[in-house]
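Top line first, the protein sequences correspond to chains A and B.
Read in order, the letters of the first sequence are residues 1 to 178 in the numbering used here.
Read in order, the letters of the second sequence are residues 179 to 360 in the numbering used here.
Hints are computed from structural coordinates only; laboratory data are not their basis.
Here the structure is a predicted model, which is why all the values come from computation and not from measurement.
Possibly wrong hints are sitting among the right ones.
EDC-like mimics (lysine to aspartate or glutamate), calculated; alpha carbons at most 20 Å apart, straight line [stated by the list, open to error]:
(1) K162(A) with D293(B)
(2) K162(A) with E113(A)
(3) K158(A) with E114(A)
(4) K171(A) with E185(B)
(5) K171(A) with E268(B)
(6) K158(A) with E139(A)
(7) K158(A) with E189(B)
(8) K162(A) with E186(B)
(9) K162(A) with D184(B)
Partial list, computed: chain B residues near chain A (C-beta under 7 Å) [what the hints assert, rightly or not]:
(10) G192
(11) L195
(12) S197
(13) A205
(14) V210
(15) V286
(16) F289
(17) D293
(18) R305
(19) V310
(20) V312
Note that CB positions come from ideal geometry on N, CA and C, so glycine has one too.
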Amino acid sequence: MTDEALVARAVEGDVDAYAALAEQYYSSCARIARRMLRNDADAEDVVQETFLRAFRAIGRFERGREFRVWLFTILVNQCRTAATSRKRRHLRFSDDEAAIARAADERPIAVVEEKSAVSIAVDSLEPLLREAFVLKYVEGLDYAEMATITGAGISALKMRVKRACDALRPKLEAIYHE
Amino acid sequence: MSDVDDEELFERAGAALRSPSANDAAAREALVHAIRDEPRRSPVTTSRKASPWWMAFAAAAVAFVAGLGTGRSMSRPPSVAKAGSGDSAERRVEFVFVAPAARNVSLVGDFNGWDATATPMRRTDGRTTWSVAVPLAAGRHVYAFVVDGNDWVTDPQAPLSPEQWFGQRNSVVVVPVGDRGS
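Work the whole structure out from these sequences, hints included.
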């Protein structure tokens, strides 16, 4: 069933249809939130809150819009709110938590290590550059979609992606060419 | 390195970050449970004019304080008392927040200097609901709740202020002018 059909059913109050959308987009949302917040637990909370907010608001979803872009717009706003709250609470990302998470991961070591190294490189970017890089290269969105989601102009987004790439290039080369 | 090689490098990095995470399956399952536990919505049959999602939330909140809201489970948007017959440039606004596990909750906003000690909330519904009523002038106010002294949270039943990027985002209540309270 297409997103459009699932959304139409969800608007009519079909919880199963919305649950199907949530299952489909959970991983994408989790990836964006993890990179934006650099903390898996915070990201999980934000993703859950995003889906629940979207569910409560789905009656106001505009037909013809792409559900994924609408959902990511809510997610990005939620991440920004969470980052602001976190700053106020003076919470800090713990490298120990990341190490524990990696230790519990049962995938092949090479895959885990590559993802971990790339994550550290991307996490070192400034927030706006990180956000632009993740939306373009991790989620494969085009600039028009990114502009809708972030509220930034296309030329500003292109500049952010370029700056992100410039900053990442030596780190990625070190990871992949060593 | 050429642009083609560059593109390949960044695409490869993106692909690495797309590999599944160990915790996703359990978290996805928990989310689906949470969705199924949400109160059922009534079907929506009318189409709406295009507007940003947060404006839709804002419109709903304004409707509520104007006396048109239906209320929901959990927290509810701030409710504004009817204007009195006196001088009354200010209206009494009741804030309600559900936080069963909290030891204390306070209200902070532009009306009390964001002081977490200025407006403590009290339990009003067994051990789950916290509330406080404060006099507010007509207009738009920005606020948040502080749980246990350090956890700063927005009101789940109210719109967020639309500030962009990492600027402050908090909940918004609009106090109407005149005798239109709920």
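Going through the hints against the structure:
1. K162(A) with D293(B): Violated, at about 42 Å.
2. K162(A) with E113(A): Outside the cut-off at roughly 26 Å; violated.
3. K158(A) with E114(A): It is violated: about 26 Å lies between the C-alpha atoms, which goes past 20 Å.
4. K171(A) with E185(B): Holds, because 15 Å separates the two Cα atoms, which is no more than 20 Å.
5. K171(A) with E268(B): Outside the cut-off at roughly 58 Å; violated.
6. K158(A) with E139(A): Satisfied, since the Cα-Cα distance of roughly 15 Å is no more than 20 Å.
7. K158(A) with E189(B): 16 Å, holds
8. K162(A) with E186(B): 14 Å, holds
9. K162(A) with D184(B): Since the Cα atoms of K162(A) and D184(B) sit roughly 11 Å apart, the hinted pair holds (cutoff 20 Å).
10. G192: Holds, about 3 Å.
11. L195: 5 Å, holds
12. S197: For S197(B), the interface hint holds, since the closest Cβ of chain A sits about 5 Å away, which is under 7 Å.
13. A205: 5 Å, holds
14. V210: 5 Å, holds
15. V286: Violated: closest Cβ of chain A sits about 10 Å from V286(B), beyond 7 Å.
16. F289: With Cβ-Cβ at 18 Å, over 7 Å, it is violated.
17. D293: Constraint on D293(B) not satisfied, violated at 14 Å.
18. R305: Violated, because the Cβ-Cβ distance from R305(B) to chain A comes to roughly 23 Å (cut-off 7 Å).
19. V310: Not OK, violated: V310(B) not within 7 Å of chain A, min 21 Å.
20. V312: 21 Å, violated
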